[in-house]
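Participant: Listed here are the chains, written in short residue letters.
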Amino acid sequence: MSPIRAELTVDRKRRDYRLIGGAGERAKSLGLVGANWYKPAVPRSVMKELMGRRDADAIRDTILWYALILGAGALAVLSLGTPWAIPAFLLYGTLYAGPADSRWHETGHGTAFKTRWMNDLLYQVASFQVMRRPTVWRWSHARHHTDTLVTGRDLEVQAQLPINPMGLFADFIGLKLAPTELVKVLLNTTGHLSDEEKSIIPEMEWPRAINQSRAWVAVYALVVGACLYLSSWIPLLFIGLPSVYGAWLYNFFGLTQHACLPENVLDHRLNCRTVMMNPAFRFLYWNMNYHVEHHMFPMVPYHALPRLYEAVKDDCPPVYTSTWAAYREIIPALARQWRDPSYYVRRALPAQRRARAAAP
Amino acid sequence: MTGWVRVGPLADIDDEDVIRFDHGDRTYAVYRVAGKVYATDGLCTHEQVHLCDGLVMDCVIECPMHNGRFDIRDGRALGAPACVNLKTYPAKIEDDIVFILVE
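One line per chain: the protein sequences are A and B, in this order.
Each residue of the first sequence is one higher than the last, beginning at 1 in the working numbering.
Each residue of the second sequence is one higher than the last, beginning at 361 in the working numbering.
Since the hints were derived computationally from the structure, they do not count as laboratory data.
Heads up, a few of these hints could be off.
[To be verified] Between beta-carbon pairs, the in silico distance windows are:
| id | chain 1 | residue 1 | chain 2 | residue 2 | range |
| --- | --- | --- | --- | --- | --- |
| 1 | B | D434 | A | A335 | 52 to 60 angstroms |
| 2 | A | E25 | B | D418 | 35 to 43 angstroms |
| 3 | B | V444 | A | W233 | 24 to 32 angstroms |
| 4 | B | G384 | A | W206 | 45 to 53 angstroms |
| 5 | A | L121 | B | D418 | 19 to 27 angstroms |
| 6 | A | V33 | B | G363 | 31 to 39 angstroms |
| 7 | B | G363 | A | A215 | 47 to 55 angstroms |
| 8 | A | G52 | B | D434 | 54 to 62 angstroms |
| 9 | B | G368 | A | A35 | 41 to 49 angstroms |
| 10 | B | G363 | A | P207 | 39 to 47 angstroms |
| 11 | B | G368 | A | V33 | 28 to 36 angstroms |
| 12 | A | R208 | B | D385 | 45 to 53 angstroms |
We put the CB at the ideal spot given by N, CA and C, even for glycine.
The shape of chain A in the complex, shown without the other chains (with noise of 0.2 angstroms):
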């Protein structure tokens, strides 16, 4: 374990991943905070190839995930009165909530369209569908690129040490995200904005924020008003839950990201993975799954990621060879980490690699 590693995690707390009075003050302290992280020397030509725009890709994409869950919809409303509306339900939620994980996060990048207002709109639509407040997000993920892991920095840790076991399960399946946002969304819509989302957003950004919340109050007082009018649950069912019973598709994604793996660490070779996926994972995640190219290189989009691992690959740890090989490390990890918080994924550099097979 490096020094500054076994310092942040001597007798983790919970409260040591709080931006206010956690650890983040120590982690500054140890020169961990706004940091150079490593990065492979790739050609200043190959970068603005990978780094280029278009809009062709996502536009496919989009039209066909609206598709899909205007398909799924529509299985949901016939199966209506039938047990077939359980699995059509979940299917419709799955499609609604699932993907726009990743829309959300490649547009929060301005990456997936070459065309600003694309990104802005469906930034807007996807961070409704999955939950998150659109600038709050946006702040937190950027901080989430600059201190990734950084305990007491990056909000965005979702296997938080000392592993809480039910409270990851309730996490995955949605019940921890989507009800903590909406009670800050009421609050937000009173013009309250908590002293650790002040700590992430400019000023001047905060009416920005609060009007957000009060359009998506204004979004769930029409669903509301339906239920109420249709004496059913149905409106709630389309709009509004699915950010609930539809989560776990992307918590199934985004746990392959970082969990298990070393926090306070300035290296994305060492606390992201690269799963290869097939090919319909890699249409619901956008690429995701190439997670230690996109940290390396957040500028490039989804469609380029492929490529961009390939420039990397040979300065990068083995990748996962499948979504299954991933979870095969990741779930005895975690039942190791709840037994013992200081353990950790470790993984070989490619000098590490070279040394050891020399090695007589």
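Got chain A sorted already, so can you dock chain B onto it with the hints?
Facilitator: Just chain B now, with coordinates in the frame of chain A:
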């Protein structure tokens, strides 16, 4: 002291691209777009990332880290997470050599 400083040959900057230029204790970003050259501070006003690794699209530079975007002609921040404008400097081409006016 204010004065024109030689950056280098125009040919060193691809069209619709940017290079880093260090002078004194400061770092600058020098751009070439459609035959014209522009200069700004070299670091993003959001989190001090070098803009020379970013992407130039028309007259917009995009920070390589968080998608902070600036108009290179006047330094205007074009949206979150870039909220503070970028300082710009006059730039010119003389005999295929690029110069910027620094303070």
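Participant: Each hint: holds or not?
Facilitator: Now for the hints, and whether the structure bears them out:
1. Range check, D434(B) to A335(A): about 56 angstroms between beta-carbon atoms, so the 52 to 60 angstroms window is met.
2. One distance hint, 35 to 43 angstroms for the beta-carbon pair E25(A) and D418(B), holds here, with the actual separation near 42 angstroms.
3. A C-beta distance of roughly 47 angstroms is found between V444(B) and W233(A), which places it outside the suggested range of 24 to 32 angstroms.
4. In this structure, G384(B) and W206(A) break the distance hint of 45 to 53 angstroms, their C-beta atoms being roughly 37 angstroms apart.
5. Distance hint check: the CB atoms of L121(A) and D418(B) are about 20 angstroms apart, consistent with the given range 19 to 27 angstroms.
6. Taken as a hint, the range 31 to 39 angstroms holds for the pair V33(A) and G363(B), whose Cβ atoms sit roughly 37 angstroms apart.
7. Between G363(B) and A215(A) the CB atoms are about 52 angstroms apart, so this pair conforms to the stated range of 47 to 55 angstroms.
8. The supplied range of 54 to 62 angstroms is broken by G52(A) and D434(B), whose beta-carbon atoms lie about 25 angstroms from each other.
9. The hinted range of 41 to 49 angstroms is not satisfied by G368(B) and A35(A), whose Cβ atoms lie roughly 30 angstroms apart.
10. In this structure the hint that G363(B) and P207(A) lie 39 to 47 angstroms apart at CB holds, the actual value being about 43 angstroms.
11. Our hint of 28 to 36 angstroms for G368(B) and V33(A) holds, since their Cβ atoms are close to 35 angstroms apart.
12. Between R208(A) and D385(B) the beta carbons are some 36 angstroms apart, a value that contradicts the proposed interval 45 to 53 angstroms.
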